[in-house]
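J.: If you're matching them up, the sequences are chains A and H in order.
No gaps in the numbering here: position 310 of the first sequence is 310 in our numbering, and each next residue is one more.
Basically our numbering = 1-based index in the second sequence + 10000.
In short, the hints are calculated from the structure, not lab data.
Glycine included, each C-beta is placed from N, C-alpha and C at the ideal position.
Treat the hints with caution; some may be incorrect.
[What the hints assert, rightly or not] Within a straight-line C-alpha distance of at most 16 Å, the following computed EDC-like cross-link-like pairs (lysine to aspartate or glutamate) qualify:
(1) H/K10253 - H/D10279
(2) H/K10581 - H/E10539
(3) H/K10704 - A/E316
(4) H/K10784 - A/E326
(5) H/K10792 - A/E326
[To be verified] Here are some, though not all, of the chain A residues that point toward chain H, as calculated from beta-carbon distances under 10 Å:
(6) P10
(7) T13
(8) G14
(9) V72
(10) H131
(11) W136
(12) T246
(13) V325
(14) N334
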Amino acid sequence: MQHVSAIREPLVTGGKTLHDVTQDICYQVEAKPNLRWMAALSVALFFLGVFFYSVYRTVWYGIGEWGLNKTVNWAWDITNFVWWVGIGHAGTLISAVLLLFRQKWRSSINRAAEAMTIFAVICAAMFPVLHMGRPWLAFYVFPFQNTLGSLWANFNSPLLWDVFAISTYFTVSLVFWYIGLIPDFASIRDRAKGPIAKFSYSMLSFGWKGSAKAWSRYETVSLILAGVSTPLVLSVHTIVSMDFATSVVPGWHTTIFPPYFVAGAIFSGFAMVLTLMLITRVVFRLEDYITLEHIALMNKIMMVTGSIVGVAYITEFFIAWYSQVEFEQYAFINRATGPYWWSYAAMMTCNVITPQLVWFRRVRYSIGLTFILSIIVNIGMWFERFVIIVTSLHRDYLPSSWAMFSPSIIDIGLYVGTLGLFFTLFLLFAKFFPVINMAEVKTILKYTVDNGPTYNPEKAAHAHAHQPAIHGAPASAPVTYNQHD
Amino acid sequence: MKYWKGIEELESAPEFMQSAFAEFMPVKESHESSDATSAPRRDFLKLMGFGVGAAVLASCETPVKKAIPYLNKPEEVDPAISNFYASTYFTGADYNAVLVKARDGRPIKLEGNPESPITKGGLSARAQAAVLSLYDGGRLQHFAIKGKQADMKQVDREIREKLAGAGRIAIVSHTIISPSTKKAIAEFTGRYPNTTHVMYDAHSASALLQANGGVVPGYDFSKANVIVSLGADFLGTWISPVEYAKQYIVNRKVSRDKKTMSRHIQIETALSLSGSNADVRIPVKPSEMGAAALTIYNHVVNGAGADTKTAIGKAAAELKAAGSAGLIVSGSNDPAVQTLVTAINQALGNGGTTTGGAPSNLRQGDDARMTALVNDMNAGAIGAVIFYNANPVYNHPLGAKVKSGIAKVGLTISLNDRLDETGSLCQYAAPDSHWLESWNDFEPKRGYLSLAQPVITPLFATRQAQESLLHWAGNNTTYYKYLRANWRAVTPTDAAWDKAVHDGVMMGSALPAAPAMTGMSAAAAASQLGAGAKASGVELALYEKGGLSAAGTEANNPFLQELPDAISKATWGNYVAVPRKMAIEQKWEQGDVLKVTANGYSIELPVLIQPGQTNGTVSIALGYGRTLAGKAGDKVGENAAPLAMTANGGIQYQNVVTLEKTGATSPIAQTQTHQTLMDRRPVVQESTLAQYVKDPKKVTEYEKIATPDGLEAPNKVSLWQDYQYNNHHWGMAIDLNSCIGCGSCVVGCQTENNTAVVGKQQVINRREMHWMRIDRYYSSDAHKSDFDTKGKVATYAAMEDPSENPQVIFQPMMCQQCNHAPCETVCPVLATTHSSEGLNQMTYNRCIGTRYCANNCPYKVRRFNWFSYYSNEKFEVVNGHMFTDLGRMVLNPDVTVRARGVMEKCSFCVQRIQLGKLEAKKQKRRPKDGEIVTACAQSCPTEAIVFGDMKDPNSRISQLLRREDGERAFHSLDSINVQPNVTYLTKIRNAESEFFAPEVEA
C-alpha cells in the first residue's frame, strides 16, 4: 500500500508570480497615502496627543493624578504594562518559534506581527517608567558603577529582573525584525524614484546587494536570532508573572503564574495580531497573502491558549481550596463575588467561554466573527490583569486597609493614549515599511506547472527581470521546488 | 665670542637695558594723548571689563540665608540640640502637663510630663497637636480696632477711657483654672467694681457642678471594680480624659500576677470611645437616660429589687455588689440625673475610694449665669463686655442671641487669639499670646499646681490677656512679675521657684474656693425623673470628638482635622451618625445629605451609618462648622451647637429633631471603610477574663504550619538566612488590653515625623499619610462557624456587616519592622533595607517610587507621596505649615520632609534612637532602658506601647516578652513568617467575646 500525501493548499493564493509579490507589497510604500490611511492616522495622532497630555500631568504633578491609593498601589499602570507586553508575545512566537518549526504560513504575517511586538513593547515600557514616583531617576534600576560604595541594584527584586527581561526582549526583537527588513528595503531602494526615498532606503538597507554570501548569512542570522528569541517567548512573561508570584499578596503568590501568564500572553498576542491583520489585509488589499487559512490557524492557536488560561483560572481556585489558607481562599471568593465581580465575570466570559466558539468551522473561517472575537479576547485579557492586580490588592490581609480603586481621567487617558501611540507607530510602519516579508513570501509561492503562475507577457512588463530561478540561482533564492509526482 | 641681537644691545643704551630682560615689551599707545582727561584705550577696556563684570556679579542674586548666627549665644541654646521645658496645656477642655521640646529656640513638639501626678506623662491628641497652633497664620498678629490694625497704646487708651464710664462690665471666658489669672481678673474687678466674670464651658458640666456643691468630684477610676457610666465619655472627652484614662487602665491591665480587671458598663446613645472600651454597652436614647439613672438609684439607694432581666437592672445589681469599689459617673447635663448619680455614689460609700480624691477645677462654667448674661446683653443692660478666649457666638447654643446682644453693648473687647466669630464683632481686639509664649499657672485639681513658661518670644504683636486686664486696671507690671509675686506663698525661695519652673508641677493650693452651688434633693430629682415625659420622634445626641473640642478652638489645626475619629474613622467634618436600622427604614445611604432641624435652626450634613448608635436616635459632633477659624478650619462640617436644647437656663446636649433627605450627597472622608474583622484571628486576638483566669496559655491562638515533621511554629521554617543583631535589636510591644484607641499617638507621630496633612479629598481617595494608625474593628453577627450551614459566599458577605451594638477592638498599626521584610526584597534599587539593629529603614534619596514595597506590605503601613505636599498649591490650605516660613518652624529638623514620589513609613523614630545612642556614647556607656522611646510610646496616656532593646535582657520589653511568651504575646499575621519586631498582647475582655466564632471542640 502506498500512502499519497494530500496536496497542500497553497499558502499564497491568487496565482501570484514573484514579480506580483514585489509589486503588491512595494505598491503600498511607493503610492501616495490613501485617504483611509490618512483618516486612521489622524485618529491615532489625536490619541497620541491624549497620551502626551496625560504624561505631562503625571510627570508634572505626580502619580496622585491617578486613582491609586495607599492600598491599591498598582492598577491600570501595571495592568496596561502586562497587557502590552503580552500582546507583544505573538510576534516573537510567530517569527521565532514558528520559524524553528518550519511553519511556512508564518511568512505572510511575521513582519507585521514583529512590528506589533516592538510597538507593543514600546507602549508597555512607558508604564514601568511612568508609574515611578520619580521617573527622572529611573536609571537607578541599572546596576551602574557609582561612588556610593555598596549602593547597587537589588538582584532579589523581580522588578529588576523585569528591567533585564524587557530590555533584552526589546533589543532582540528589534534586531530580528530589522534583519528581516534589510532585503526588502533593498528591493524598495532599487525601485525608488525620488532622491529622498532612494537615500532613505539606501541607508535602511545597509548596502544589501543580494549576493549569495549575503543571503547565506541572512539565513544563518535569522536562525540564530530565532534560537535566541525562542526562550524569550517563555522568559519574558515568566519574569513579568514573577512581579506578582514572588510577593506575599494573596492572589498573587501563586506558582502557576509563569505558564499561565505565558499562555495568556500568546493568547492576547494572537488576538491582537488578528485584529491588526484583518484590518491591514483589507486596507492594503492583501487578501491573497493573508488568507482564510491563516486566520483559521491563528484562531486555533487562540483557542488552545485560551483553554490553557481557562484551566489556569480553575486551578487557582482549586489550589486556594486545597491549601486551606484563609487569606488565599478569601482572595478568590472575593474575586468572583466581591465588589469587583463584574471584572471577573468579564474576564471569564471573554477569555474562557468565547474562544470556545472556534470549535465551529464557520466561526473559524468567518472574518467578521474572528474580528469580533479578537477584540473580545483583548478586552478579556485586559480584565484578567485588572482582576489579578486590583482585586487581589484591594482586599488583602488587614480588613482595616481594604479599599476600592476607581480610575481617574488621567488613568484612562494614558491607556487610550498608548493605543494612540501604538497605532501611530503601526500606521507609519504600514505606510513606509514593507508590511509583508517579500523575500520570504517568495519562497512559499506555489510554483508548479499544473496550477502555478504562467508567463503572461501582457501582465508582466518586466518579465525578463526575473527569469524563473533554476540552475545557478543562489541556494536561498526565493524559489521553492514543490515536489510532485 | 659674543653675539649681539642688535646695535642697541651692543651699545647697551639705558633705555634698551631697561626692558631687555622683561618678559613683555612695554606697550605703546598707538595714539598718544597728552590730554590727561581722556582715558587711554587700555584703561577704557579695563574699566569696561570691570564694569561689565561687576554688573554681572551684582545681578547674580546671592541666595538669602536666613540662618543668622547669634551675636550673643543664649546660654541654653545650642544649635541642633533640643531642650525640654516643662509647661502646661489647658485651653478650656482638658488639662495636660507637658514638656516642650525646643530646638534652636522654637518649640517643635510637645511630650507628656512624667513628673505630673495627674497626667503622669500622658498627653491627649489635642495637646499633641497644640504646638502647630502656635505657628497658625490665622492668629491675629496685632491689636486691632474694628478689625483694622491699631497701635497697642491707642487701644489701651481708648479702652481705659471707655471702661471708666461703661456701666456694667462682663468678662466672658471658658473655665479658668489659673490662680494668678483669677487674681488679675479680681484686680480688674477691683478697679471696675461693676464687673462680673462669667465662665461657661462649650461642653457644659453645670449640672455635675450643681449636684456636687460646685466642684467636679475627684474621681479615681483606678480603685473602681465596677464602673457605670451614664453617657460620660471619660476616656475620650469628658472633663479630664488623660487623667481618667491613666487611672482607668490601672485596673484594666492584666498579667500573670494580676488576673483581675474592673468591669466597665457604659450606658449611652452614640458609640463613644468609652463605650467602645466597655465590657458591657447598653444603648439608650437620651430621653431614657433619666430612667436608667432612676433604675440604678432605686436599686442602690432605695433598695428596690433589681430587675435582672434588663441590662440596666443587671448593671445596677453589679454596681451595688461592688460597694465602695463601685463608681457611677454621668455626662448628662440634667441636674436631676447628676443629683441621683451623686446620691448613688454616696450610697455606695465610695467617698474614701473612687470619688474621694481632690476635687477637680476643670469645669466651672455656670449655664444659668451665662444665659442670664446673654439676656442682659440683649436687654441693653451691659455697658462693656470682654471676651477672654471665648467664642460664644460660635459655640454657645444661644450664639445667635449672643450675636444680637453684642450689637447692643457699648464697648466690646476681644482677647481671643483671632478675629473669630465673636472677635470679629467686637470693636477692640487685644489678642492674647499663645500659651507657649506666655507665663501662666494652673490648679487643675485642688492642691495640685502647674506652671506654663514661655518657650519662644511672642511671634506677633500680641500681649498676654492677663497683662491686658492688669494694664486696663491700672497695674503696669508684667504678668511674670505678677505671677512670681503671687507664688511667694508656695515658693518662698528662688530655689523653690526654680524647681517649680523646672518640674512644671508642684503640690500646693492657690485658687480661691469655688463658689458653692446648691443642688436639688435626691428625692426631688427622683420624682422629677419619674414623671419625665417621654420624647417622641427622632432624638439627637450632641457629642464631642477627641480631636476638636466642643468649643471648636482647634478647628484651624489641620493635624486635628485630619485625626480620624476614634470610632467612625472619619476626618474633616462632622456628620449625622445614624443607626443601620433607621438608615434601612428611611432608605438612606452613607453620604446622603440630611437636613437636620431643631429650635428653628437647620443644618445639612451627610449620613454616616454608625453601628452601636441607639435605634431611634442620631448623633452629631460639636466643634465643626467654624466660619472664621482660619483657612484650614473654615467651612469644615456644620455647627451643631444651636441644635442643643436650652431651657430654664440649662443646656441639654440633646433634642428632638426632624430629618429630611435633601437629595444631595457628600462623601465622608474615612480612613477605614471596612468595618469588621472578617473573623481573622491571625490579625488581632482577644479572649475573655474567665479564660485568662482559667488558663493564660489558652487565650492566644498560635498559628501552626504544616511541615514534614508535623505542625510547627511558622518561624521554624524559613528559606532565609536570619540577620545577626550584635548590638541592639529594637522592638515594640503593644498591649491591646491597655490601648483605648484615643489617637494621641497618631498626632504625636505626625508632629515628630513631619508627616504631611493631605486634606479631605485625598482622605476620600484613601491617601492619608499617617505613619501610625489605629485600626478599629466591630464585631459581626456572622462567623466562620456559619460556613457549613450558610455557605462561604453568603457568610463572608454577612461578615462585612457589623452587629447592631458591636464590640470594638482597637489595634495600633505602624511599620512592624519585619525581620523578614517583604518590602525589602522587592525594591529594585535597595531603597528600603534592613539595619544592623533590626530596623527596616527607608532611604528617601534612593527611592524611585515603584510602590511595590507598599503592595507587598501585608500590614499596609507604607505611605506614598502622591503629590508634592509642601509645594503643590492644592495642599496650601490644609498643609499650610509646610508652605510658609512661619509654619515651617514647627518642622522637626531631624526628619526630612519627603519629596514627591517617594515612599515613607514609620521608622521607629530612628532619629530618637540615634540621639539616645549618641548621648550614651558621649558618656561612654550603653543606652539605658527607657532612655530611648518613640514618639508614640512617649505620651501614650495608657502606657500601652513599650519600646526598647530586645537584646538587653533586663529591658522592660525583654521582661514583658519573656513573661507573656506563650500567653498573650503574638505577632499579627504570624503564619506568613515576616517575623515582625512589633509584638501585640492579646486583648482580654471582662465579658463574653463576640468577635470570633465559638471554639469548636476537637
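J.: Against which earlier hints does the structure fall short, listed by number upward?
T.: 3, 6, 7, 8
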